[in-house]
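Participant: In case you want the letters, here they are:
Number of protein chains: 2
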Amino acid sequence: MNKMVQIYFDHNATTAVDGAVLDVMLPYFQEEFGNPSSRHLRGMTARRAVDRARGQVADSVGVQPEQVVFCSGGSEANNLFIQGAAGYLKPARIIVSAIEHPCVLRPAQELARKVHEKWNLRRLAVDCLGRVSLDDATNAMREQQPGLVSVMLANNETGVIQDVAAVAEKAREHGAWTHTDAVQAFGKVPVDFAALKVHAMTLSAHKIYGPKGAAALIMDKRLLLKPLILGGGHENGLRSGTENVPAIVGFGAACELAKIRMAEIAARVAAMRARLEQELIEMGAVIFGLGAERLPNTCYFALPGIEGDTLVVRLDKAGFAVASGAACSSVTPGQSHVLEAMGVEPMLARCAVRVSLGSANTPLQVEDFLKALVNTLTGLRNMNSAMV
Amino acid sequence: MNKMVQIYFDHNATTAVDGAVLDVMLPYFQEEFGNPSSRHLRGMTARRAVDRARGQVADSVGVQPEQVVFCSGGSEANNLFIQGAAGYLKPARIIVSAIEHPCVLRPAQELARKVHEKWNLRRLAVDCLGRVSLDDATNAMREQQPGLVSVMLANNETGVIQDVAAVAEKAREHGAWTHTDAVQAFGKVPVDFAALKVHAMTLSAHKIYGPKGAAALIMDKRLLLKPLILGGGHENGLRSGTENVPAIVGFGAACELAKIRMAEIAARVAAMRARLEQELIEMGAVIFGLGAERLPNTCYFALPGIEGDTLVVRLDKAGFAVASGAACSSVTPGQSHVLEAMGVEPMLARCAVRVSLGSANTPLQVEDFLKALVNTLTGLRNMNSAMV
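Same order as they appear, the protein sequences are chains A and B.
Heads up, the first sequence is in the numbering used here, so the first residue is 217 and it goes up one at a time.
Heads up, the second sequence is in the numbering used here, so the first residue is 217 and it goes up one at a time.
This is chain A alone, in the form it adopts within the complex:
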């Protein structure tokens, strides 16, 4: 089949850069290509472009421009918070939810493996719908003095939205610094930094129709971080390196665009998802996180007996891009740690498939997908019967 017509249902992995965003970026590759640190006209033009984008990003989550630290991606921003805050604090307990992205889990594990200044890592339990347990958060903070807490705003696999404000409030009572990885929530649902009561928050451009290569750590002004990347002192000393001007400009434009159309897209994808899930349930699917507050675009399901990986490959051939888990790892992913934390049986977890809808998807595409899914299942079941 022609690759150009493949229907994309994997927006939680990455999105295409919106045409309006790319148009704003383009001049910064060739005409306005200056280094923002240069003191001539081209440098100053680039500096102004970065400043404007900083304002746009700040505005989209209700903070001041000086609270935005531009990074190369969400993974870097999450590492900057965890490693950077740990670099300033006395070792204590670090609390993260069991369903965090590996770029939060791994640096947290690393702190717990240190020879000197070793931290104590505590993972927060989630319930069967994938919601972080507030009771467990309370216990975790009572058991041992927390220094750092990180709970994602929306899970990348299930789309389940967490009560970050409640966790952050508890953490503040203990004097801990709290962070939320808002990469998946941002641009899909309204995100307000102050309302979340955290000290830091990660945002990324490429999940919101902006370019890869730009992200931000939003910071409380009182938060102190040790930078990961040292050098020329860019980003107020917190992230050295020549700014990726076109990507940062695109990030700003994507934030503006999200502000304008987020509600409209959310309503549209929510209706498509409702239709999709209604049919999936009729087909005997389990919908993970159903009943919890979820991102409007994400449908994470399992058809018992049909392996997720197999289904993804078959649907790919049938012209639909979906995911069997998180597209966050280059190494063999194995079972989803998110489903494991939710207590999903390994046999069922192996059947997990994620559909994540986006701006360009249409109800007709959902209908076509459902037909393709029925055909694929028929084919797979016939094959299974023939093999018996």
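Think of the hints as simulated: they come from the structure by calculation, not from any bench.
A quick note: this is a predicted structure, and the numbers were derived from the prediction, not measured.
Hints may be right or wrong, so weigh each one.
Copies of the same chain look alike in the list, so a pair counts if it works inside one copy or between any two.
Said to hold, decoys possible - Derived SDA-like pairs: lysine to any residue, alpha-carbon spacing no greater than 20 Å straight-line:
| no. | residue 1 | residue 2 |
| --- | --- | --- |
| 1 | Lys442 | Leu327 |
| 2 | Lys306 | Arg329 |
| 3 | Lys437 | Arg388 |
| 4 | Lys533 | Gln222 |
| 5 | Lys437 | Gly271 |
| 6 | Lys533 | Glu247 |
| 7 | Lys437 | Gln361 |
| 8 | Lys334 | Ala410 |
| 9 | Lys533 | Arg264 |
Model the placement of chain B on the given structure of chain A, informed by the hints.
Facilitator: Relative to the frame of chain A, chain B by itself:
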């Protein structure tokens, strides 16, 4: 004046993305926007694009594709080597030249400030032409067991090329790991990883008519590094985070382009620089590094009594983009640490101006620049006389 006609003489700070490079990048923003970790068609297309670019980068310096670790920029790559190698080694001496970029100097200083596993930092002296002293390198390694050595291939301010192979050879005798920051040399002169005898080397795309946001650490296969950014395990576990596909694709294309036209550009800019320096000397200028082997495009000069910053601002208004020092710092740069290491008098160092030529520059632009310089100097000298 119209900003579009400003003549750009600051290619060591950054370059415009070449049209041919941008053309190759463009499909990866919108049509082939997949996440290389996704297992559907769009993901696999993105993965193949990254692999192809990895081959192009590897080929340009004579290594295997698996020796290329893609990073977001030269600063990150330099930090990855220094912090990453130190994370695997027992603390020893770290030796860097006194004229390294801040993104080598600062992480080296940080190792020497650690409470636990503190390293001993030793800066190598340079001679009055800005060449790293091989005698001092010998001494530094004899005084105390070196663990890490980093000497840049070409200095960003003077353009002076260092005998990295000689330093690396000495370092190997002591069992130390050697790195070279080749960001300024790469694409301007031939760079061969094996010939340099180092264990690691930093390359960047945006100095060679490629995009900002892509760089590489080239590694000896035996080198062990602790990653800076932990997460999904991308780049063989050494650099987690969704690959910046368009920028990486552009980096690969820029490497290909450099291979084809590097010699031609080098000859052209060398001729223009010769003309420029001849006139500058007639005007009473000091040319830093003159007589040492230098990059063909870089002219670092001082007109005694004329402050560099002032000259840069005046030339900017007259339509020429030049630098007063390295465009590597967002903070007040103060005096050039490179000129200080060369023993240049502070009064003269304050007069330093860098012209760095590139592919699109013409002899006519150099003539226009010389006229503008004469006019500017006349203006400044008249002003000075009037003020007396």
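Participant: Take the hints in turn and mark each one as holding or not.
Facilitator: Hint by hint, here is what the structure shows:
no. : hint             : result
1   : Lys442 to Leu327 : both (14 Å within a copy, 13 Å between copies)
2   : Lys306 to Arg329 : both (15 Å within a copy, 17 Å between copies)
3   : Lys437 to Arg388 : within (15 Å within a copy, 46 Å between copies)
4   : Lys533 to Gln222 : within (9 Å within a copy, 52 Å between copies)
5   : Lys437 to Gly271 : within (16 Å within a copy, 43 Å between copies)
6   : Lys533 to Glu247 : between (41 Å within a copy, 18 Å between copies)
7   : Lys437 to Gln361 : neither (23 Å within a copy, 42 Å between copies)
8   : Lys334 to Ala410 : neither (31 Å within a copy, 39 Å between copies)
9   : Lys533 to Arg264 : between (46 Å within a copy, 18 Å between copies)
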